[in-house]
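Enquirer: I would like the entire structure built from these sequences, with the hints used as guidance.
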Amino acid sequence: MTTHPSTHHRPADGFVGDVIPVELDGTVWLYYLLDERPDAPPLERITGMPWAAVTTTDFVTFEDHGVVLPSGGPDASDHDCYTGSVVRGDDGTLHLFSTGHNPHVTVETDRGQGDVQVVCHATSDGDPTSWTKHPEWDLPALPGYAPEDWRDPFVHRPSADGPWQMLIATRRPDEPYRRSGLVARLESDDLVTWRDAEPLWAPHRFIAHECPDVFRWGDWWYLVYSEFSDAFCTRYRTATSPDGPWLAPADDAVDGRAFYAAKTVAFGDDRFFVGWIATKEGERDAGAWQWAGTMATLQAHQRPDGSLRFDLPERLQRAYADEVDVTDAFGPTNGAAGSVGHDAQSRYAAWVGPELPTEALVSIDLDVDADTRAFGVLLRTSDDAEEGYALRLEPDRRRMVLDRWPRGSTGGEQWQVLGDVPHAVELERPVPLDPGQHRIVVHLDGDICVVVVDGSVALSTRLYDRPSGRLGLFAQDGGFTLRRVTVATR
9 MTTHPSTHHR PADGFVGDVI PVELDGTVWL YYLLDERPDA PPLERITGMP WAAVTTTDFV
69 TFEDHGVVLP SGGPDASDHD CYTGSVVRGD DGTLHLFSTG HNPHVTVETD RGQGDVQVVC
129 HATSDGDPTS WTKHPEWDLP ALPGYAPEDW RDPFVHRPSA DGPWQMLIAT RRPDEPYRRS
189 GLVARLESDD LVTWRDAEPL WAPHRFIAHE CPDVFRWGDW WYLVYSEFSD AFCTRYRTAT
249 SPDGPWLAPA DDAVDGRAFY AAKTVAFGDD RFFVGWIATK EGERDAGAWQ WAGTMATLQA
309 HQRPDGSLRF DLPERLQRAY ADEVDVTDAF GPTNGAAGSV GHDAQSRYAA WVGPELPTEA
369 LVSIDLDVDA DTRAFGVLLR TSDDAEEGYA LRLEPDRRRM VLDRWPRGST GGEQWQVLGD
429 VPHAVELERP VPLDPGQHRI VVHLDGDICV VVVDGSVALS TRLYDRPSGR LGLFAQDGGF
489 TLRRVTVATR
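So the sequence shown is residues 9 to 498, counted in this note's numbering.
Be aware that one or more of the hints could be misleading.
Unchecked claim - Derived Cβ-Cβ restraints for the label pairs, each shown as a range:
no., residue 1, residue 2, range
1, Tyr356, Val332, 25 to 31 Å
2, His73, His212, 38 to 44 Å
3, Asp83, His212, 36 to 42 Å
4, Trp145, Gly122, 20 to 26 Å
5, Asp83, Pro211, 34 to 40 Å
6, Asp133, Asp404, 56 to 62 Å
No lab work stands behind these hints: they were computed from the structure. The C-beta atom is built at its ideal place from N, Cα and C for all residues, glycine as well.
Expert: Right under this line is the structure:
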């Protein structure tokens with residue numbers, strides 16, 4: 009049997025943290041923080057966090073380049089090399105900006121002792137895997153900003169004849185903590201000496217706007233950031249100028265809780281958001297979400313009003329070329345001539361189809377009846393549809409959620425089955441579900457699951473407890489007409 013490497017990169021010796029994507033000479037370089045999850049506490053670690061890198065031209069296959077920016081060691085400002093950006097200067101020199109952190113270097117802050125963060129700088133004469141560090145160019149927090157929150161430098165040039173800009177995720181230490189985050193803006197004429205400028209965005213809403221990223225697409229400008237004080241997710245804003253004002257679209261989230269710290273890269277005419285799907289403690293569905301995980305990519309598509317829809321990369325979808333139509337496996341009652349009917353009483357119906365491969369691209373086309381309360385997809389379900397995962401779409405609430413059964417238990421009594429937790433509350437996405445035609449695409453890759461509805465709304469997660477099972481469909485208080493179901497593999 010021929011096996012394929014995962015379409016979601018994860019190194020053999022660790023996990024993928026924040027990704028720093030950049031296109032160089034026709035290849036997408038995906039630098040990332042290599043989280044090796046050492047057992048030693050931070051102050052006892054001799055080596056900190058490095059950058060590693062993979063390259064791709066299709067977001068399906070990856071060439072691993074290993075560690076490209078090592079930790080500076082226990083005495084260096086970049087004991088930990090955290091998130092940043094890579095740009096090419098006017099003379100062709102590559103400049104790498106990163107966040108330097110050393111747990112031994114602390115400062116008194118508005119909230120007690122804190123670890124200092126600085127912007128570090130390295131250069132390359134053209135080899136994206138070979139960097140010369142310049143500790144003499146370290147850039148600590150400027151006056152008025154929190155020295156323990158001075159990170160994720162994103163360097164770009166909004167106009168060819170203007171100065172370079174560096175965006176920094178930082179805070180104002182004299183403001184209420186939960187609303188003190190802002191995106192600071194610095195300017196430079198040579199990429200070495202930087203001066204303070206008017207902040208790019210200070211909405212007085214979040215603790216931090218991590219991994220800021222700005223890009224232009226046609227007539228629109230976009231600000232991308234990740235936050236954890238309102239909901240753990242990556243968000244975006246739109247504007248018609250690189251200076252703002254930055255406005256929120258109707259759905260400003262890129263994905264749900266599991267997909268974090270996404271930054272973007274243009275490749276040809278396309279724009280990709282690359283982040284990581286978090287692991288869970290103990291590799292169990294009930295485990296707590298962890299920092300870092302497996303690299304994942306969504307492709308953005310621009311609407312006329314500037315808002316974005318998110319889908320699986322087109323190249324990735326084409327890679328699953330071995331397609332099997334399994335519509336008939338769900339029986340004649342689910343054919344084009346028969347949907348689940350309405351009646352005066354609450355009703356639930358489910359149909360179980362074929363066994364799901366470990367890796368597959370599942371596509372479901374159906375027409376939803378008016379007034380249907382819920383419908384969806386059963387993943388890795390049991391033969392009787394009792395146990396497994398349920399992607400539930402709820403038209404009246406205009407949302408999709410991920411549920412599972414059994415959910416867990418708090419005791420031995422019949423009612424202690426987490427009935428008051430009707431879905432994974434952090435895995436909820438708004439999606440329009442008007443009566444009529446809809447398409448649901450599910451990408452399964454081992455314990456990774458990425459769902460996209462109507463090529464617009466994405467929800468990523470982990471499926472740990474049930475590594476296998478069948479594909480199913482269900483409807484609740486309503487119905488649908490099934491048009492087509494396919495399961496594709498590579």
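Enquirer: Assuming the hint says 38 to 44 Å, is it satisfied by the Cβ distance from His73 to His212 or not?
Expert: holds, 41 Å
Enquirer: Evaluate the given range 25 to 31 Å for the C-beta pair formed by Tyr356 and Val332.
Expert: holds, 28 Å
Enquirer: Between Trp145 and Gly122, does the beta-carbon spacing fit 20 to 26 Å?
Expert: holds, 23 Å
Enquirer: Look at the Cβ atoms of Asp83 and Pro211 and judge whether their distance stays inside 34 to 40 Å.
Expert: Since Asp83 and Pro211 have Cβ atoms about 38 Å apart, the given range 34 to 40 Å holds.
Enquirer: Is it true that the C-beta distance of Asp133 to Asp404 lies inside 56 to 62 Å, as the hint says?
Expert: Holds: the Cβ-Cβ distance is about 60 Å, inside 56 to 62 Å.
Enquirer: Lying within 36 to 42 Å: is that true of the beta-carbon distance Asp83 to His212?
Expert: holds, 38 Å
When the structure is compared with the earlier hints, no violation turns up for any of them.
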